[in-house]
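Generate coordinates for the entire structure from the input sequences, incorporating the hints supplied.
Heads up: the protein sequence lines correspond to chains X and V, in order. Numbering follows my numbering, in which position 17 of the first sequence is assigned residue number 146; successive positions increment by one, without gaps. Numbering follows my numbering, in which position 37 of the second sequence is assigned residue number 39; successive positions increment by one, without gaps.
Source of the hints: derived by calculation from the structure; they are not laboratory data. In this text, all values refer to a predicted model and were calculated from it rather than measured experimentally. Hints may be right or wrong, so weigh each one.
[Unchecked claim] Here are the in silico distance ranges between beta carbons for each label pair:
1. V:Gly-96 / X:Val-207: 32 to 38 Å
2. V:Phe-57 / X:Thr-131: 34 to 40 Å
3. X:Gly-195 / V:Ala-77: 36 to 42 Å
4. X:Val-165 / V:Ser-115: 25 to 31 Å
5. X:Asp-241 / V:Gly-134: 26 to 32 Å
6. X:Asp-173 / V:Thr-112: 23 to 29 Å
7. X:Ala-240 / V:Ala-133: 48 to 54 Å
8. V:Asp-131 / X:Gly-195: 17 to 23 Å
9. V:Leu-32 / X:Thr-131: 19 to 25 Å
10. V:Glu-40 / X:Pro-253: 16 to 22 Å
11. X:Val-207 / V:Ala-78: 17 to 23 Å
12. X:Tyr-172 / V:Gly-117: 18 to 24 Å
13. V:Pro-17 / X:Gly-195: 40 to 46 Å
[Stated by the list, open to error] Partial selection, computed: residues in chain V whose CB lies under 8 Å from chain X:
14. Leu-6
15. Ser-8
16. Glu-25
17. Leu-33
18. Arg-39
19. Glu-41
20. Tyr-51
21. Gly-65
22. Glu-83
23. Pro-92
Cβ atoms here follow ideal geometry from the backbone N, Cα and C, with glycine treated the same way.
Now for the letters of each chain:
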Amino acid sequence: MTALPQRTVGPVERTGFVRWVGAIADVDSPVHYDRVTAREQGYDDVFAPGMLQAAMLADHATAQFGAHRVRSCRWRFVDVVWPGDMLTLRGEATEQDDGTIAVELECLRGADSVAVRCWMTFAPDGA
Amino acid sequence: MSALPSTWSEPFTVPVERGKIGEIARAAGLLDPSYEREERPSAPPAFFYGAAYLFGVTWERPGDSPLGDAPIDPAALLHAEEEVRFPGAPPRAGDTLTGRTRLESVEEKTSRSSGHTLRFVRATTEFRDAAGAVVATSHTTAVQELGA
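Put into structure tokens, the structure is as follows:
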């Protein structure tokens, strides 16, 4: 098992949330950019679209192993991320007998609260 | 509700564009510069989540697709899990794919923390290349808390 380089991101900001939902046209959930809607739904403030942190984890791993080698990627959303949060991306890779690499990653908000977990597989190098 | 999995949505066209790949990668902090640097970058995994919003159908905007029959309130749902699988190398910039989506399953569980019923709805989207081969399959799972 090999640890991936650890990466710190942030503090994350509202403008970044807007940039993300704009890039993928995911604008139907105003809780990510409109505080009035967020408060109406019982939240203190807007919170990050979970897929933003999810994409960070996947891209952090493809930077190590190559985007063309990805064969699967699964994300589970565990906790919300708020404006101002610092994020830590970290993971571990295990090479299997056939050369396939299995990667487990997590995005922490603050010191130790897991926001997103991610599981990926990468095809053997040169496959 | 009719039997699951549902019928497929109408097919939709998914252009895998270099500019869109770069935009998505930059919006996520450009942690992998290859998405911006390469002439024909691979589509990042999150592209296939975004493709539903950009070109297809979603829980929030189902149109007349079977996702509109899902027993869940688009204003009250949370995304629980997302997944994408590739049988070979992921599609790259310059490819044009055809997507279609169906409602895969509806499941209820009891929350361990609140004791409330949680309803999970799952949809599948398959992406085919010009030759008709499936080159990516994505799954999206949303959850709604229904109360005690």
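Using the Cβ atoms, figure out if Asp-173 of chain X sits within 23 to 29 Å of Thr-112 of chain V.
The hinted range 23 to 29 Å holds for Asp-173 of chain X and Thr-112 of chain V, with Cβ atoms some 28 Å apart.
Just tell me: holds or violated, for the beta carbon distance of Glu-40 of chain V and Pro-253 of chain X against 16 to 22 Å?
21 Å, holds
Looking only at beta-carbon atoms, does the pair Asp-241 of chain X, Gly-134 of chain V fall within the given range of 26 to 32 Å?
Given about 48 Å between the Cβ atoms, the range is violated.
Measuring from the C-beta of Leu-33 of chain V to each C-beta in chain X, is the shortest one below 8 Å?
4 Å, holds
Taking the beta carbons of Leu-32 of chain V and Thr-131 of chain X, is their distance inside 19 to 25 Å?
About 24 Å separates the Cβ atoms of Leu-32 of chain V and Thr-131 of chain X, which means 19 to 25 Å holds.
Note whether the CB distance of Phe-57 of chain V and Thr-131 of chain X lies within 34 to 40 Å or breaks it.
37 Å, holds
Do the numbers back the hint for Gly-65 of chain V, that is, is its least Cβ distance to chain X under 8 Å?
Where the cut-off is 8 Å and the nearest Cβ of chain X is about 12 Å from Gly-65 of chain V, the hint is violated.
Does the beta carbon distance between Gly-195 of chain X and Ala-77 of chain V stay inside 36 to 42 Å, or does it fall outside?
Given a distance of about 40 Å, which is inside 36 to 42 Å, the answer is holds.
Going by Cβ atoms only, is Glu-41 of chain V closer than 8 Å to chain X?
13 Å, violated
Kindly confirm whether 17 to 23 Å is satisfied by the beta carbon distance between Asp-131 of chain V and Gly-195 of chain X.
20 Å, holds
Does the hinted range 25 to 31 Å hold for Val-165 of chain X and Ser-115 of chain V at CB?
Given a distance of about 28 Å, which is inside 25 to 31 Å, the answer is holds.
Per-residue hint verdict: Pro-92 of chain V, partner chain X, C-beta under 8 Å
6 Å, holds
Violated hints for the displayed structure, listed by number in ascending order: 5, 13, 14, 15, 18, 19 and 21.
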